[in-house]
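A.B. asks: What follows is each chain in one-letter form.
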Amino acid sequence: MKRVDVVAITPLLAFLVLFLVYPMLHAIGMAFTDGTAGQFPSLENFRSLWRDRLFWSAVLGNIVLPVCSVVVELLLGLALALLLTQQFRGRRALRAIVILPFAIPEIVFLTIMRYAFAPRGYVNAALLGVGGAPIDWLRPGSALAYATVVAADAWHVTPVVFLLLLAALTAIPEDIGEAAKLDGAGGWARFRHITLPLLQPAIVAAVLLRGLDALRMFSTPLVLTGVEGVPVLSSYAYHQWSDYGDDGAAAAAAVLLALLSLFLSAPLLRRRVGAWESVR
Amino acid sequence: VRAAIPWRARNHARNRGGELEGELRQIDYVRGAIAIALCGLAGCTSDNTLTFAAALLPGELSVYRAVVDDFERREGIKVDIVAQQYADIRRALAAEAIAGSGSLDLVELDVYSLPLAVQDVAVLRDDEVGDPLDELSAAAVRAGRLDGLRFLPHRLSWQALIYNHAVLGKPPETWEEVLAVARAHPQQIGFKAALYEGLTCDVLPFVWSAGGSGESFADAGAHEAFRFFAQLAPYLHAQSATFKESTIAEAMARGELLLHLNWPFVMSLYASQGLAPGTIRSAPLPHAPSGAAPATVLGGGYLAIPRKAPQRQKALRLTRFLLSRTTQLRFNRELGWFSPRVDIADDNGSPLLSGFEAMRDRIESRPERADYPHLSRLWQRAFRAVVFEHADPGEALRKAQRDLQG
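From first to last, the protein sequence lines are chains H and X. Mapping of the first sequence onto this note's numbering: position 92 corresponds to residue 92, and the numbering continues sequentially without gaps. Mapping of the second sequence onto this note's numbering: position 291 corresponds to residue 291, and the numbering continues sequentially without gaps.
It should be emphasised that the hints constitute simulated quantities derived from the structure, not laboratory data. Watch out, some of these pointers could steer you wrong.
Cβ-to-Cβ under 7 angstroms is the rule here; a few derived chain X residues that face chain H [what the hints assert, rightly or not]: (1) Ala194; (2) Ala238; (3) Ala241.
Every residue gets a Cβ at the ideal spot worked out from N, C-alpha and C, and that includes glycine.
Next comes chain X alone, as it looks inside the complex (with noise of 0.2 angstroms):
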């Protein structure tokens, strides 16, 4: 349009003899309007502008950009903050990469597409991270160096057991224990065993927690955990099959569930429904009978810099201060997020999320390699062929081992 403009303009003029000027005056409003609105429409950024997309939901995204506006005042650089679900920050990511330039300066991504999104964002030196490197916890940073560091912890995130206090009293410490609340309260223990991710995550830390490695198929944590999955299935919620996050936590309000595990975002849910934290509590995951202490799985956001960043200078400023220590105090305090600085306490006086508080020492990472997709679709059928397929535990196991290593 702006080549064309110009030229249009001088024929025009030519045509027209004396009128040249004026004619060209006009012609740069109507280019400079044109440019104006192009800019708008592509949603074009100044240079002083960085465009962060984060996970955030609506109820956190106003705490979050009064934090935010804290970093425009001090170094003078706007921050435009787009809300978007982690598996849409993915496929942007992924469409600028592909498209070779884009305008996403910062992004934060789930833990679990961390390795899905390698290719698509930029290696980070120690040194240009700073000082919030050396605060943050050494298990968070190592399961964003991924070929280099190229993810850094932005909240932290885990499972523990949910469960309704108001019924159980006091929660089932043992698999024993929930073995025996299954068999008194059959169909009102759940698992998030729809085929996703958070299936694996829901049996990971059985498996961890027997012991297992959760990379292989044929250790004898596995076997015991899912031992212990083939027990439990004709007590479980027949719509465990279908449970994902929220429809699991629905069940669980509408009075349908007894225990299940999820993310700490449930007990804002329960409490808001007036269910947390008398009826519905938090609390650590119960222990195998032979294995080490209960693991859970690492999840969270995670801030990256996309490859064909913009300004990635500023990003990295914008970075440091979100990783600051006065700025996660925040977050964890008005938000309720975990925080991965080994500097901020998580107990914020909440008695909400003490279950959670009590599993922070025990946060495993999901297995780091390039298969993990693979490996946690193979864990996910294997669960599914015990529980509601009735498969025997071995039989599913040694099948799924052999998936893996065909």
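For reference, chain H alone in the conformation it holds in the complex (with noise of 0.2 angstroms):
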């Protein structure tokens, strides 16, 4: 390596040190410290998690949230993009309208579900007003708050996955589903054996950010639920931090985060790993 390139990486080596390395490391140590006798290393924080309910309930969380979160929105943005590829009126305006979700910035939406989710709130209103009965949305650790929560997520960041799937759709050479339909095959065939095939690269981008990103969910689930009503790991290392002010409970916590988005993340890591290296 040429001197003046030492040179140029150096502010960005410091800031990554200063601001990335350090506080995981100083993180860790808080983790592997006993706050009560000062003792280093320990494994008292993370004795003190296998004992409570509620970080098993968010590990719980941080499987099922993140698994459903993309499974719903990879669906959801696969449809609208298949749907916003075909020609008619409108479709701009459409899909201006899809993106929109995602402009919106993320206190002020889900400030707006939460009143929309709320026992007497916008949605139960409109329930009322058709003749139905209200549904408890939000009820804590029930199943419907873990939908309504994936729900609100997945109208938040489809339009995510749909721009991205958008755009590989739409490099799709459309003479070869001309030629496939000469051949005679059908609609469903010519998405299974065709589209989806080319799609791939696309997908396992999709799916691999989302899936890290819907790792550290956070704020959907706290804002909406609290941390006890949906709780995961981020929220549950925060609850630890703010209302009980154990920072080692909450750095163990956010210790086994990092380790749990590691574990999750690495097979689809090894295969986008695997697909750059094929196209090489």
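Take the two lone chains, each set in its own frame, and fit them into one complex as the hints suggest.
C.D. replies: The following block contains the structure:
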């Protein structure tokens, strides 16, 4: 490496060390320090997590929510992308409308959602208006609360998946589909044997991008249901830090979240790297 | 930087011969500018500026600032007020204690965090505090004596029953009446039952009211209170499990709740929304069937001087000013704060806080023991086990007692 290269990357390296490596090492140190006895290394913080039922709910939430969110977002994003590659009037306007939720600032969107799904919120008012019964959408710990969080998250983030898939769809040469049509392939067969295989790299990219992001899900469950309603590891860590002032337990939960993210994303990353290698 | 610049200047001047004097003068200017810039970046304060971290809401800051302006004029000492949340103040205090030096001269801490901050603040002698100490509520001062006098009550706060006057007409006065309201209006009574200190503040008044100590899960008072919680459980608002001060207040404003316990700030909130005192009012807590008069948990802010405070004597002068009758009267009248001074009546003519005023003589401190945070969590878990997991009250309390002793 040339000297000029070293000089050029030094600010970036310094930034990474100061704001990423050092805080990460500090957090790992805190996770392995017994705050009461001041002892290092110690597994006391992890033992206290092990005994806490809310922690296990958070672990479960951190698996269930990302999986459900990514599946819903992928299906919705794909359906919208397929629909909006068709030629029809108002297609451009509809594309803009589909992207709109992603442009809304997160806290604004979440506040709207909270007011919408509260027991006396807009959704139940609409249900009552059409003669239905109100539903407890955000009942803490209920399957419906999980589903509401997934739906709210999907509404906000599906545009990202949609854009990725739309770009990939528009890049598929039309003549392949037309040739298959001439050979008598129906719509489903063309989708299954032509569109889907050609979309696969984009789908993997979307799953990777959204999957990693969903593992860090924090504000949606926290704002909609509180820590106890639909717990995830990041909101659990926040709860330990904010409600109990237990920095060690919070750091331990954060370390476990990082490990879980690495563990769950490794197969996807491996697949992605494999795809890059094959392209090269 | 200060050391490096003259060295560089000397070398530079030596190399270039005769321009030494002019070069050094230029370097001095540069050094001065850098020192000022560094001082500004580091938030340096002069010997005549006190740094005071207090948990003030944006709406309170301007009034508080105007009060402190009087101190600045009178004493000739500038006060830099840093408005932060209690948790952030406690963290800053702890960080400065670990660092061995700091810039905070005076801090305001939540009564809950006092045991956690004992090691980080200085012990005060009674004679240093002077006159205000004699006029402060003895119970409130007692809560600040942790291994010596370390914390002085700045403002007091406690909970009362917040009820929907428009629907209920009059507030329930006994536990039996609370149950009657619950049965008549299911899902419209809420507890702040998220896992946090606020839940303990909701639980302890019932335990105390039933004659319990709050320090044991085995006494009759605890068992009576938890049997009551079990009876109430089917009628509680489902989101009680996640409610905190602000979310439960929001639910009440939306009309989802008829009753809950909360701190005085919510009444200002409801007044600003046009809901109080017409629709929503405050009332004393209800009586237990077999217990003493209902008690409520002491809350509020306490002043403390950090162990490493740069200007302890000046901080003491500010403390005396803040606790003086004139200043406390202004806080009471202009901010609606309850004063820890016994010579200031709380009745400022506002019907908003009548329920709180009725509870003034029934304030209890949380158990003063080193393992209070652990004890508090056990109360929270026992409540949630009984109310949300339908555990038997006796069994939940026995488990909590075992955990406390283990």
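A.B. asks: For each hint, tell me whether it holds in the structure or not.
C.D. replies: Hints versus structure:
1. Among the interface hints, the one on X/Ala194 holds; its C-beta lies about 6 angstroms from the nearest C-beta in chain H, closer than the 7 angstroms criterion.
2. Hint status for X/Ala238: holds, given a least beta-carbon distance of 5 angstroms to chain H, under 7 angstroms.
3. Given hint, X/Ala241 at the interface with chain H, holds; its Cβ is 4 angstroms from that chain's nearest Cβ, closer than 7 angstroms.
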